[in-house]
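*Asks:* If you read the protein sequences in the order shown, they are chains A and B. Residues in the first sequence are numbered from 791 upward in steps of one, following the working numbering. Residues in the second sequence are numbered from 3 upward in steps of one, following the working numbering.
Since the hints were derived computationally from the structure, they do not count as laboratory data. Check each hint, because a few of them may be wrong.
[As the list claims (entries may be wrong)] Output of the computed footprint for chain B on chain A, the stretches with three or more beta carbons under 8 Å from beta carbons of chain B:
hint, stretch
1, 807-819
2, 828-840
3, 859-872
4, 919-930
5, 935-941
6, 944-957
Since we're looking at a predicted model, the values are computed, not measured. In this text, a Cβ means the ideal position worked out from N, Cα and C, and glycines have one as well.
Okay, here's what each chain looks like letter by letter:
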Amino acid sequence: MPTLLAAATLPDAITFAVAAVICVAGALGVVLMRNPVHAALNLVMTLFGIAVLFVEEDAQFLAAVQVIVYTGAIVVLFLFVIMLLGVDRQEQVFADGFVAQRLVPLLLGALVLVEVLLLAHQHWVTGAAKVSGAARGTRTNVVALGRSLFTTYLLPFEVTSALLVVAVIGAVVLARRPHRVPEPGELPDGAVRAAPPAEPPVPSVGGGEGAADGADDETKVVSR
Amino acid sequence: MSVHASWYLVLAAVLFSIGAVGLLVRRNVLVMFMCIELMLNAANLTFVTFSRALNDIGGQVAVFFVLVVAAAEVVVGLGIIVAIYRRRVGATADDAHILKG
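All chains should be built: construct the whole structure from the sequences, respecting the hints.
*Replies:* Pasting the structure below:
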């Protein structure tokens, strides 16, 4: 393996070293932090470090997308779920449970790392160059990536839209509250009540899935 | 010119291993999910490194698709987690052994 300064200038080497340390520290934080919120914030640190490395490697568009999509959307989604469920309880990472359940993964992880490093000892990068267009050259990174996406990879690009639609529909289906069995004397879902009840003014009585029903739905499901 | 590609590949291998170990060690489902994101990002770093080393834009296109799949996966996965938590308060991955046909 060549030294850090073999083909790089000093600022590039320093940037890589700092970003690498940030990435590894954040990754260790994700695994070792007891509080899920802290783990999510450490994940943000790792993702930012990887975005810096993307810039170092002339992938400017992907660096921007990394920050916007991963740290801006995915981690925020994680934090939303943590806050929504109130699961930010502490967890003893290495304390309870079987010792083997904690020890065997560590051994396996070390084995995977050693295996990869041994296999790649001499031949790090092999393969044909410029199969799907040059990454560097006269064009900027965004132009090169966009041209490749909208010519060579147009069909996969369109298929991803179908994937996203399926994911959105799946999320909506999963997030629906379970169907409520109408109690005796209660009108089934969708039925229009002839005369609205006198006591509290409830909006959209026949909706069934409305926000007004949320609270008692929750208690019903939990107590089941 | 940035540092040699092998340094990036070593870093990606280390990140992937940490993510794999975390996935096996932790029992909180959300943290396990974060470890999966860690592994995906290590793979992304490898893709971009090969894209630079071979001067081939295909690696960056692959990262683009990985990002889309990761976003879709997170949406569906978190939906499943919310659905599980709604039924059982304080569910860890060990509690999911009650799932039977």
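*Asks:* All the hints need checking, so say for each whether the structure fits it.
*Replies:* Do the hints match the structure? See the list:
| no. | hint | in the structure |
| --- | --- | --- |
| 1 | 807-819 | holds (count 5) |
| 2 | 828-840 | holds (count 6) |
| 3 | 859-872 | holds (count 8) |
| 4 | 919-930 | holds (count 8) |
| 5 | 935-941 | holds (count 3) |
| 6 | 944-957 | holds (count 6) |
In terms of the numbered hints stated before, the structure departs from none.
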